[in-house]
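Q: So the sequences go chain by chain: H and Y.
Start counting the first sequence at 529; every next residue gets the next number (my numbering).
Start counting the second sequence at 317; every next residue gets the next number (my numbering).
One should not assume that every hint holds.
[Unchecked claim] Calculated lysine to aspartate or glutamate pairs in the DMTMM-like style (CA-CA distance at most 25 Å, straight line):
no. : chain 1 : residue 1 : chain 2 : residue 2
1   : Y       : LYS392    : H       : GLU604
2   : Y       : LYS351    : H       : GLU604
3   : Y       : LYS394    : H       : GLU591
4   : Y       : LYS351    : H       : ASP657
Hint data in this document are derived by calculation from the structure and do not stem from the laboratory.
The structure presented is a predicted model; accordingly, all values stated were derived computationally and were not measured.
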Amino acid sequence: MPRVFITGLGFVTSIGNDAATVVRNLCELRHGFELFPPFQQPGIPCKVVGTIKEFTTDSTDPEDWTFPSRYQIKRELLRSMAPNGLFAHCAALQAIEDARLTEADLSNRATGLYAASGGSPYLTHYHHDRLLKHGVMRCSPLGIVASIVGTLNFNLVAAFKIQGASCGFSSACASSAHALGYAFDDLVLGRQKRMLIVGAEDGNSDAILPFAGMRTLSLQTDPSLASRPFDAARDGFVGTGGASVLVLETEDEVRRRGVTPYAELLGWGQASDGYNVAISHPDGHGSTAAMQHALRAAGVAPAEVDYVNAHATSTIIGDVSEARALRAVFAESASRVAVSSTKALTGHGLSLAGAMESAFCALALREGFIPGNAHLTRVDPECGGLLLPRTTEHRQARIVVKNSSGFGGANVALVFKRVA
Amino acid sequence: MPDAVSTSSAPSKPTPTPPKPFGPEDETTLRESLKRCSPSTFEAAVQFRKTGNPEHVPAVVIGIIERFVEPDLRIKLKDADDDLRLIEDLGIDSLTMMEIVILVEDVLQMSINNEELRNLRTVGDVKTFIDCKIRGLPLPKPTKFIPIEHIGAVMPTQPPFLFLNEASVSSTAANGKYRITGQEFFLQGHFKDNPVMPASIMLEALGQLAVLYLLEGAPTEPGKVVSAQMIFFTGCEGVRAHRICKPGDILSLSIKPKRMKMPLATFEGAIRVGQDKAVIAEEITLTFGLVDAASTPVSINGIEHADTASVADAAVTPATPLRAAINA
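Model the full structure from these sequences, guided by the hints.
A: In structure tokens, the structure reads:
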């Protein structure tokens, strides 16, 4: 069975738009939150967002957008993108450069791309509005490909001339973790030699505010208190957008190209709660099973795990159910496995979360640190019995687990291993 | 705002210029729509919307096309002739074409349907098309691109005396290309050790393009077509050669009909090499004869010669000079 390695990473996140900045912020526990200008009005109770710096995408016309000058993107490509498409394109360029991939490495039948986003509610809204106001024949011919859920894969596959497998994943906040899992399977089954995995979200009002109706957003006005997973005073999640891209390759390709991987992806597992459309199972049954499947697939005993990057979004119900799942899986070793949620720094990236946080795990494995729990002052007793470091620890983990959960009770766990 | 659904599904009926007053609010909307176009495009659009004068339309249309062309290709539009091809020369794909159409519709307050779009291949096609729509004239036949094998099949002249490699024909013009290979038999003697394309042959090439126009593009009487066996040269005037043309040069030939009245058709013609003027002919006149459409074996591309409706339309609408001449 071919082994699978992470060989490239790209970031456009609220805590940094390159790997070095992200590492620094994960180590120093500096968050990426700001009072989000569009939210500072009486009708909107939530105020804080994990904002993307250096990019402005608050126009429905991509030619109005601004982004760092190191990215040159032609109008021909830009015109069919949503904000998440721009973020993903830039993160993909970073990952491709980071993995030292040539055009030939990218554009062949053995290199594919899986992507995940919630589409662009922002542009959907705009184009439908135009349709109603100006008539059906005055809609932008690119409105659909710019806004529906597959927009990331459509744009990136065309832009980077990907010729292998491509599709999008839609399991809400587990989407890009699913994309990683199925990309792993394609590599292990010998269907592909290399996969790009992309998660991205707009992170603007249209993407975040619909969650206000579910009462899942934090109403905190202090950016340093809004996102605090596992804390007794948490009151909901903070939304964010951006993009993360990972390059996965088989062992043969890693050797042929002579690159040094970040980490090995040992295996993955998934399981569903079969419980509620939006609420996670109170005892975390699905999450427990997903972690157990993943560890079994990876051939790793629970006691061997050094660190879990939790899904924990800082919602009242979700964090408790994941804490219960973690205690069930790790049992007597639960107090020795470090657990943290980096959403305390970034906010919750929805479809982006799984890919972004897996990329954080890859950085942690290469750089030798374990991210701490920012903003955690008093642990919710329901989340007790876990090792929740308050600060980032500079020690080398060997085995890391990444959890992701989405609506409908979809749960994914991925197991990474340090490259010796 | 017209209902886009019903107007777009209707045939391209002449829509008279809207007499709607053009207010400051419209100007703001227009400025927003054209914010990435040149100021002169915006000015022309304002003038058109205020006066309905179709003379402003080409500037608007070219300005909108320019905005959608990649910056490094825009130079081509600067002194564009009407033959500039949207796809091949300007890199405009069908999606960009839709973007152009939607902006044109928006700015000129008109509707264009999909079938009409398919026929627009050149900048000239677009200008003529929009102009006809604005003036409420029947739409011209689309430009046809005629490859060498078809040219050989329909023309009475044949190699080694055929001087067209490719051609395009519309109802208002024909354009062609001929590359001087150096293998032409007459270059052995014209001149000794110094091959120069004879001016008389260049005039012949223009004449051949006019013949192709008569066979492929000229509107005729219902049920009749021009006979390839009945076209002959009668005269020319105002012929001037400006440039020596030699092997390797690509001659860009163009002719436009000036007058057409059975049995005579008069054209103006020009040959360029790149941007250089090579030959000008103020008038080239051919005679031609018609035969029944059914009796012709050489019709290609299924042109509708029996277009009764459009001839009838032409009789009641202010017609193009050519149509007027036919009906004279």
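Q: Indicate, hint by hint, whether the structure satisfies it.
A: To see whether the hints hold, each was checked on the structure:
Taken as a hint, the LYS392(Y) and GLU604(H) pair is honoured in the structure, with Cα atoms around 18 Å apart against an allowance of 25 Å. Between LYS351(Y) and GLU604(H) the CA atoms are separated by roughly 18 Å; this keeps the pair inside 25 Å, and the hint holds. Of the supplied pair hints, the one linking LYS394(Y) and GLU591(H) holds, its CA atoms being roughly 23 Å apart against a limit of 25 Å. For the hint linking LYS351(Y) to ASP657(H), the alpha-carbon distance of about 21 Å falls within 25 Å, and the restraint holds.
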